[in-house]
Amino acid sequence: MSDNRELKTRIIIAIILLVISAGLMTAGVMRGEVFAVFTKAVHICLECIGLG
Amino acid sequence: MKISQDIRRRIIQIAAFGFSNSYIGNIPGGRLYKGSWKNFCNPGINCYSCPAARLSCPIGAMQAVGGSAKFSVSFYVLGFVLALGVVFGRAVCGFVCPFGLIQELLHKIPSPKKRIYKPLTYIKYVVLAVFVILMPALVTDKFGLGAPAFCEYICPAGTLEGGIPLMLTHPELRAQLGALFSLKAAILAVTIIGCILCCRFFCKVMCPLGAIYGLLNKVSLYRVHVDRKVCVSCSKCRDICPMDIDPVAKPDSAECIRCGRCTAACPVKAITVGFKGKEKGPSEI
Ligand code: SF4
Ligand code: SF4
Ligand code: SF4
Chain R
1 MSDNRELKTR IIIAIILLVI SAGLMTAGVM RGEVFAVFTK AVHICLECIG
51 LG
Chain E
1001 MKISQDIRRR IIQIAAFGFS NSYIGNIPGG RLYKGSWKNF CNPGINCYSC
1051 PAARLSCPIG AMQAVGGSAK FSVSFYVLGF VLALGVVFGR AVCGFVCPFG
1101 LIQELLHKIP SPKKRIYKPL TYIKYVVLAV FVILMPALVT DKFGLGAPAF
1151 CEYICPAGTL EGGIPLMLTH PELRAQLGAL FSLKAAILAV TIIGCILCCR
1201 FFCKVMCPLG AIYGLLNKVS LYRVHVDRKV CVSCSKCRDI CPMDIDPVAK
1251 PDSAECIRCG RCTAACPVKA ITVGFKGKEK GPSEI
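Here the protein sequences come in this chain order: R and E.
Here the first sequence stands for residues 1 to 52, where the numbers follow the numbering used here.
Here the second sequence stands for residues 1001 to 1285, where the numbers follow the numbering used here.
Only chain R is shown next, with the shape it has when bound in the complex:
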């Protein structure tokens, strides 16, 4: 494939994947995942520090 065609294909795939990622993030935010992330991150995680 020529360089230009390869670049074009990459851009098209990237746009599709970026739309999917925006959809995933929106869905995650709407169903309340951010709260789950925040809650985990502000307390000492016993698994992380090796006390599990």
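Please note: incorrect hints may appear among the correct ones.
Stated by the list, open to error - Dumping the calculated BS3-like pairs for lysine-lysine here, alpha-carbon to alpha-carbon at most 30 Å:
no.	chain 1	residue 1	chain 2	residue 2
1	R	Lys8	E	Lys1229
2	E	Lys1070	E	Lys1236
3	E	Lys1114	R	Lys8
4	E	Lys1002	E	Lys1269
5	E	Lys1034	E	Lys1070
6	E	Lys1250	E	Lys1114
7	E	Lys1114	E	Lys1034
8	E	Lys1250	E	Lys1276
9	E	Lys1034	R	Lys8
10	E	Lys1250	R	Lys8
11	R	Lys8	E	Lys1218
12	E	Lys1142	E	Lys1002
13	E	Lys1108	E	Lys1250
Calculated directly from the structure, the hints in this document are not laboratory data.
Please arrange chain E with the ligands on chain R, whose structure you already have, making use of the hints.
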């Protein structure tokens, strides 16, 4: 004054490390930062149980959501990592991951230097599938909660950045030390020795986040481009590559962290790293 690609990358790495770990004042008291930045994930590996950490660790967050009673997979974190990976690929590893910088500094310790045994690089995909995705979602207790298996049994970043500072400042945590901590301390020791001998040993062998970004190297907009008509097959790029790959043979290798060292080493400027097919080489930056 021209700044070399390597120095420019190091400045970005240090800035990203500083931004990710700006609450160093929390270390002596062993307290975690609890502000709103923790709603967001770090692009790289940086333990959220480190008192200095500003952001959430994406791999920890992926497991926390996947292991919760309500959800079995985290759309929020997957979407975030996918977006970054599609645009930058493993350049995230090369430029902004705090644990990547720690490993590169460890590699500066004088010692014999080794290349990685290629089959070991596939371990990280198993780690991603088994410890980050499957175990938190499927191995659950009676309340439907799954443990973050990668954090619990493997992650040396958690032991180094969270475990050690918190153990030093919390006697009540020290009193609970047991077999699990010994296992994680042993993995940390292997990682440190591995990184001294082999550049970014953890990135190459174990990191599940690097596995995701690496797969996205195949499609990422930020990429390595090799002009094969110009290349004189001198192998200088392969010899200098810290990730032990040959960019001419595999410019989209899942191991490439887009560090740009090969561009600087190429005597005929056949390699470029950037967003476009033909970007500026290091001599033109
Ligand atoms: S233990 Fe490792 S994977 Fe888990 S949150 Fe900490 S740094 Fe992230
Ligand atoms: S492979 Fe993992 S630890 Fe290494 S730089 Fe990438 S995200 Fe960070
Ligand atoms: S191929 Fe080039 S850009 Fe990629 S890791 Fe090796 S030296 Fe760095």
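Outcome of the hint check:
1. R:Lys8 to E:Lys1229: Within the cut-off at roughly 21 Å; holds.
2. E:Lys1070 to E:Lys1236: Violated. Lys1070 (chain E) to Lys1236 (chain E) sits at ~52 Å, over the 30 Å cutoff.
3. E:Lys1114 to R:Lys8: violated (38 Å)
4. E:Lys1002 to E:Lys1269: holds (17 Å)
5. E:Lys1034 to E:Lys1070: Since the Cα atoms of Lys1034 (chain E) and Lys1070 (chain E) sit roughly 23 Å apart, the hinted pair holds (cutoff 30 Å).
6. E:Lys1250 to E:Lys1114: With a Cα-Cα distance of about 21 Å, the restraint between Lys1250 (chain E) and Lys1114 (chain E) holds, given a limit of 30 Å.
7. E:Lys1114 to E:Lys1034: violated (41 Å)
8. E:Lys1250 to E:Lys1276: Since the Cα atoms of Lys1250 (chain E) and Lys1276 (chain E) sit roughly 17 Å apart, the hinted pair holds (cutoff 30 Å).
9. E:Lys1034 to R:Lys8: violated (44 Å)
10. E:Lys1250 to R:Lys8: holds (19 Å)
11. R:Lys8 to E:Lys1218: With a Cα-Cα distance of about 14 Å, the restraint between Lys8 (chain R) and Lys1218 (chain E) holds, given a limit of 30 Å.
12. E:Lys1142 to E:Lys1002: Violated, at roughly 61 Å.
13. E:Lys1108 to E:Lys1250: Holds, at roughly 27 Å.
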